[in-house]
Amino acid sequence: MSLLEIRNLRIEFDTAKGPFRALDGVDYMVDAGEVLAIVGESGSGKSVAMLATMGLLPDSATITADKMDFEGTDLRTLSVRERRKVIGKDISMIFQEPIASLNPCFTVGFQLGETLKTHTSLRGRQVKDRVVELLTSVGIPDPEGRINAFPHQMSGGQCQRVMIAMAIACAPKLLIADEPTTALDVTIQKQILDLLVQLQQDSGMGLIMITHDMGVVAETADRVIVQYKGRKMEEADVLSLFESPQNPYTQALLSALPENATGDRLPTVSDFAEAGGF
Amino acid sequence: MSDDVILKVRDLYRTYDISGGMFKKGSTLTAVKGVSFDVKRGSTLAVVGESGCGKSTLARMLTMIDAQSSGSIEIDGLSMDIARTGISKEMRQKVQIVFQNPYGSLNPRQKIGHVLEEPLLLNTDMPAAERRDLALQMLEKVGLQPEHYGRYPHMFSGGQRQRVAIARAIMLQPKLLVLDEPVSALDLSVQAQILNLLADLQDEMGLTYVFISHDLSVVRYLADKVMVMYFGEVVEYGTRDEVFDNPQHDYTKTLFAATPRADAESIRKRLAAKAA
Numbered sequence: 001m002s003l004l005e006i007r008n009l010r011i012e013f014d015t016a017k018g019p020f021r022a023l024d025g026v027d028y029m030v031d032a033g034e035v036l037a038i039v040g041e042s043g044s045g046k047s048v049a050m051l052a053t054m055g056l057l058p059d060s061a062t063i064t065a066d067k068m069d070f071e072g073t074d075l076r077t078l079s080v081r082e083r084r085k086v087i088g089k090d091i092s093m094i095f096q097e098p099i100a101s102l103n104p105c106f107t108v109g110f111q112l113g114e115t116l117k118t119h120t121s122l123r124g125r126q127v128k129d130r131v132v133e134l135l136t137s138v139g140i141p142d143p144e145g146r147i148n149a150f151p152h153q154m155s156g157g158q159c160q161r162v163m164i165a166m167a168i169a170c171a172p173k174l175l176i177a178d179e180p181t182t183a184l185d186v187t188i189q190k191q192i193l194d195l196l197v198q199l200q201q202d203s204g205m206g207l208i209m210i211t212h213d214m215g216v217v218a219e220t221a222d223r224v225i226v227q228y229k230g231r232k233m234e235e236a237d238v239l240s241l242f243e244s245p246q247n248p249y250t251q252a253l254l255s256a257l258p259e260n261a262t263g264d265r266l267p268t269v270s271d272f273a274e275a276g277g278f
Numbered sequence: 001m002s003d004d005v006i007l008k009v010r011d012l013y014r015t016y017d018i019s020g021g022m023f024k025k026g027s028t029l030t031a032v033k034g035v036s037f038d039v040k041r042g043s044t045l046a047v048v049g050e051s052g053c054g055k056s057t058l059a060r061m062l063t064m065i066d067a068q069s070s071g072s073i074e075i076d077g078l079s080m081d082i083a084r085t086g087i088s089k090e091m092r093q094k095v096q097i098v099f100q101n102p103y104g105s106l107n108p109r110q111k112i113g114h115v116l117e118e119p120l121l122l123n124t125d126m127p128a129a130e131r132r133d134l135a136l137q138m139l140e141k142v143g144l145q146p147e148h149y150g151r152y153p154h155m156f157s158g159g160q161r162q163r164v165a166i167a168r169a170i171m172l173q174p175k176l177l178v179l180d181e182p183v184s185a186l187d188l189s190v191q192a193q194i195l196n197l198l199a200d201l202q203d204e205m206g207l208t209y210v211f212i213s214h215d216l217s218v219v220r221y222l223a224d225k226v227m228v229m230y231f232g233e234v235v236e237y238g239t240r241d242e243v244f245d246n247p248q249h250d251y252t253k254t255l256f257a258a259t260p261r262a263d264a265e266s267i268r269k270r271l272a273a274k275a276a
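Top to bottom, those sequences are chains A and B.
All residue numbers for the first sequence refer to this note's numbering, where the first residue is 1 and numbers rise by one.
All residue numbers for the second sequence refer to this note's numbering, where the first residue is 1 and numbers rise by one.
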């Protein structure tokens with residue numbers, strides 16, 4: 001049985017101009033211990049699919065799916081209260097802007113502790129010990145001292161490490177990382193990606209990487225889903241995707257990478273759209 | 001061949017005073033420490049480095065947004081020291097800038113036509129009809145339509161906005177264009193379109209680019225020369241092939257090692273390491 005199994009997911013938003021379909025019948029399957037990358041440009045519906053899984057979309061969204069199971073539990077029928085027990089504990093998520101995702105008014109130690117107090121039976125001294133342990137495991141120097149630091153006193157990379165610590169605090173079975181390194185420098189990006197993959201391999205959790213960066217996909221994923229305008233273009237294991245992309249859109253994306261440039265001009269996706277007809 | 005050099009920077013410094021608090025003494029931060037380089041007419045210099053390395057401060061000084069603390073900048077034979085001499089219209093017409101964020105760098109209340117005409121209005125005595133003609137020409141040159149003239153920035157996509165920002169920068173026919181991460185906020189396919197546009201404009205107008213970026217694959221694609229900055233200093237400076245094939249400084253090597261590789265060979269290696 002898959003860890004997460006979603007069949008025929010459709011998401012529509014009510015807008016002033018009528019319903020807008022953000023996602024049109026896409027399937028997602030993730031096994032424990034697997035790294036799935038969802039790649040696409042803005043507007044491809046890659047984030048919205050996972051926000052729907054987390055139950056984080058606003059009321060203006062209509063979500064329908066034939067199946068939406070996490071470990072055999074149907075996510076569609078969960079009440080808000082029941083869902084809260086799963087979200088943040090068994091499924092957790094990391095967002096793109098680490099500094100904006102943390103509350104500026106509380107210390108990082110407090111915010112980490114909050115997660116633990118909500119989902120575990122740890123109290124008092126135990127919480128503090130576990131927070132130090134978590135900060136150590138994500139590679140924050142001087143974790144004892146950093147407990148009392150506010151987000152603005154830390155760099156972007158360190159804030160992202162805190163976010164990761166928070167996400168893995170309750171040993172989730174599935175971690176969703178939405179563009180976790182887009183706002184970071186390449187050297188820091190490398191550290192964060194290595195950390196995520198390390199944690200994923202050590203704990204055997206499932207990991208979903210949402211990204212627009214083909215380099216990040218190549219460095220982390222086992223399996224890849226390519227999306228465009230709310231539809232799935234291609235799904236393949238990472239090696240075959242890069243070696244022999246089947247879909248014209250994937251081919252276009254890969255050839256638009258500057259490192260793959262052969263001539264004077266970069267081919268653009270619209271060049272392919274005319275030929276490939278997607 | 002000194003005629004060929006359009007931008008000449010010598011021993012450039014920029015310091016900022018950090019004011020102290022009640023119990024804290026003020027200090028100074030040196031953002032750019034003694035940078036010197038030359039850029040040839042019609043070529044592209046790429047400036048690479050992580051956040052806080054002083055690359056944007058350098059861009060601000062080159063485009064006269066900020067004055068240098070010491071050192072000299074010479075653009076097309078014109079010495080730029082705005083703290084002493086102020087800014088003349090002539091200086092403005094030599095150099096222009098394109099910023100990273102096309103959403104933040106256009107005024108939401110200004111129509112595109114007005115955005116494009118403003119540099120002419122401020123720096124030349126051109127009559128209104130001529131300004132309008134030039135703006136329409138420029139829209140076409142950057143791949144937009146004449147009907148976009150009367151629209152507002154929010155009606156455009158990110159890539160289109162970056163085209164508008166580029167059009168605005170070249171309205172004055174500058175010699176030098178400073179591009180501060182012009183494609184970092186864009187999708188891959190749009191990035192390719194903008195890079196193509198920049199290459200076309202360089203050929204057509206003989207522009208010289210100072211291209212600031214942290215994306216090494218983009219730099220490798222378009223740079224003639226590469227300058228790597230680290231904590232305000234230049235740690236590596238050479239032609240693209242010299243820097244990419246044989247990096248000397250430790251930081252450059254770290255940077256190359258950290259850049260994700262999107263080729264089948266690296267993926268195979270990674271998967272093999274994982275299976276082991």
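Just so you know, these hints were derived from the structure itself, not from any lab.
Keep in mind that a hint or two might mislead.
As the list claims (entries may be wrong) - In silico DSSO-like pairs for lysine-lysine, Cα to Cα no more than 27 Å straight-line:
hint, chain 1, residue 1, chain 2, residue 2
1, A, K89, A, K128
2, B, K274, A, K173
3, A, K190, B, K25
4, A, K190, B, K8
5, A, K190, B, K225
To be verified - Which chain A residues stay away from chain B? Per the calculated CB distances, all over 10 Å, these:
hint, residue
6, F20
7, D202
8, F242
Computed from a predicted structure; not experimentally measured.
Ideal Cβ positions, reconstructed from N, Cα and C, are used throughout, including at glycine.
(message) For each hint given before, does the structure comply? Return the numbers of the non-compliant ones in rising order.
(response) 3, 4 and 8
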